[in-house]
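Could you build the full structure based on these sequences and the hints that come with them?
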Amino acid sequence: MYIYLPIAEVSMHIGVIIGLGGGVGFLSGLFGVGGGFLMTPLLIFFGIPPAVAVSTEANQIVASSVSGVLAHMRRGNVDFKMGGILMAGGVVGSSLGVVLFKFLQSIGQIDLVIQMSYVVFLGIIGALMLTESLRTIIRSRKSGGVRRKLHQHNWFHGLPLKMRFRRSKLYISAIPPLVIGALVGVLAAIMGVGGGFIMVPAMIYLLGMPTAVVVGTSLFQIIFVTANVTLLQSIQTQTVDFMLAGLLLLGAVIGAQFGSRFGARLRGEQLRGLLALVVLAVCVKIMFDLALRPEDLLSVELLR
Amino acid sequence: MMRVQAPYTNLFRMQTFSMQSLRAGLVLVACLAILICASVQPAGAAPNRVVADLSDDLVEINSSYHGTELLLFGAYRGMPGDDLILEVRGPSTDLLQRRKEQKAGIWINVETFRWLGVPSFYHVFSTRPLAEIAPLQTLTESGVGAASLGLRLAKSKGGGGSHHNGGDDSPVSRASASTDEQNAGLVRNMTGLGLWATRTGSVKTQQDMLYRTALSLPSNVPPGSYVVRVLHFRDGVAISESKTDMKIRKAGLSALIYRFAHDYSLFYGLFAIAFAVASGWLAAVAFRRN
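As given, the protein sequences belong to chains A and B, one line each in that order. Here the first sequence is numbered in the numbering used here, starting from 774 and rising by one per residue. Here the second sequence is numbered in the numbering used here, starting from -19 and rising by one per residue.
No lab work stands behind these hints, which were simulated from the structure alone. As the structure is a computational prediction, the values presented were derived from the model and not from experiment. Backbone N, C-alpha and C define an ideal beta-carbon position, used for all residues, glycine too. A portion of the hints provided could be inaccurate.
Looking from chain B toward chain A, a few residues come up when the C-beta cut is under 7 angstroms (computed) [as the list claims (entries may be wrong)]: (1) Y45; (2) R79; (3) T92; (4) N169; (5) T171; (6) S199; (7) I237; (8) Y238; (9) Y248; (10) G249; (11) A252; (12) W261; (13) A263.
DSSO-like, lysine-lysine: derived pairs with alpha carbons at most 30 angstroms apart [claimed, not checked]: (14) K942/A - K854/A; (15) K935/A - K854/A; (16) K184/B - K227/B; (17) K83/B - K875/A; (18) K80/B - K875/A; (19) K184/B - K223/B; (20) K80/B - K1058/A; (21) K230/B - K875/A; (22) K1058/A - K83/B; (23) K875/A - K1058/A.
Listed below in structure tokens is the structure:
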């Protein structure tokens, strides 16, 4: 059964939409990531206009982040103060991102920038995660492992505006989380992702937050960043497809259930290694798309 | 006897590509009516009149829309060897054409051209290849084929740039001739999107009196006012012409969502967020129970 998507202005098989939601939902439940970095390229691949894919995915991530953050809140794994500061940066960054998106669209380079961002960020994050998980796997096979320091001190611990983050057991300047929030916000708006896959490593390795609170806090701020993108894109470009988001959501909710159950059987470093491979696979696919000669060097865009 | 039976069986088989058998029946009746009218007309009066009609002159894009096929049919007073050309033209729009080049190993858009007043939908049907029906000049004078669409090009300033927001561009003064490469690319791209098509030999005629063809509308069909034109050619000259209108519009839930998104975009955004938060919360509750 096909369904006509009113904003994307194309029709898609309802099974494909729910299947996409379910498949990506499964992976996001399995790995504890939002899955936007998989969904947005897939939607574009299935013929949804890039602008609609990005905005609609932001809307869907609002829902998946809300359902994710509730579980973390119950376990007290959300640092609201840190989340609030990341969010403040994120709202500013994503607003800039939406403006930048429209500008890039008007000069015909939005596809390129989306693809380049995917290649660069998925490449870096995937490679980092893969080496990290491989190292952990090798180390755990060799010996009992080396105990690491709680977190490393680096140059930006000397910045002003110091604040105490009790839940994260940190006393650091508010500037780094603001800047990180803003940068991830820009990327979230352009790439149609929540940005968790960049935010989580940044929180661990740059801010030195304890791993337990990282995912919950990241999800908390993603809600606001993606809600901001949803609102701004609705007003500015009218590219949020409510029908598409709802159907994707339906699939994602079911998929995530199976994913998280399946994930409980795997070990952390194995999971991260697998996720790294998925991330790198997406990265390589997009890299090929950019490097291979397109079938047609000319393309058209109808102006409405 | 065979010659009489053939159209009837064909008309009934049409259900498979048309909509419902009821509609096919109506078409049959209409065809017969036209045929009778046409044949009783005295030979001297309006001898070359061609008539056009559609199985449906209003197409609604609702939530279950996934493209559709219409029957384009009518009657004409023909002779053996006559030709028919049918064209279906959608609302005109401006469009941007982009050209890619390889830069530092990757393919990027380096140039943007703006085409003015391009039909967003243009399907041509004919009894034979257009070139065999009439010389290009005649076709162009009759306004048939891509060459006669009056396409104009306004070249953008700077590489990759465009006039997305319109404002300053005065298309007429900066209109320039397009190259063959651009023309061919436009036809290729629009054909690839299913928005343009040339279907030669797709018009079926019966006894030089009735004609019909199937118009397939893709799922990405642009809504708006459409014009269907039929031209009757004899010995390379257009001897008769007829027009009829068709409307394509969004309807039902999809129209409602579209209007909501465009007319009340702030509330639409807020609603989308509220819906997402509510369903996320609901999912979390369902999760916990399990």
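Hint check:
no. : hint             : result
1   : Y45              : holds, 4 angstroms
2   : R79              : holds, 6 angstroms
3   : T92              : holds, 5 angstroms
4   : N169             : holds, 4 angstroms
5   : T171             : violated, 11 angstroms
6   : S199             : holds, 4 angstroms
7   : I237             : holds, 4 angstroms
8   : Y238             : holds, 5 angstroms
9   : Y248             : holds, 5 angstroms
10  : G249             : holds, 3 angstroms
11  : A252             : holds, 5 angstroms
12  : W261             : holds, 6 angstroms
13  : A263             : holds, 4 angstroms
14  : K942/A - K854/A  : holds, 12 angstroms
15  : K935/A - K854/A  : holds, 13 angstroms
16  : K184/B - K227/B  : holds, 24 angstroms
17  : K83/B - K875/A   : holds, 23 angstroms
18  : K80/B - K875/A   : holds, 20 angstroms
19  : K184/B - K223/B  : holds, 19 angstroms
20  : K80/B - K1058/A  : holds, 19 angstroms
21  : K230/B - K875/A  : holds, 26 angstroms
22  : K1058/A - K83/B  : holds, 19 angstroms
23  : K875/A - K1058/A : holds, 25 angstroms
When each numbered hint is compared with the structure, a violation occurs for hint 5 only.
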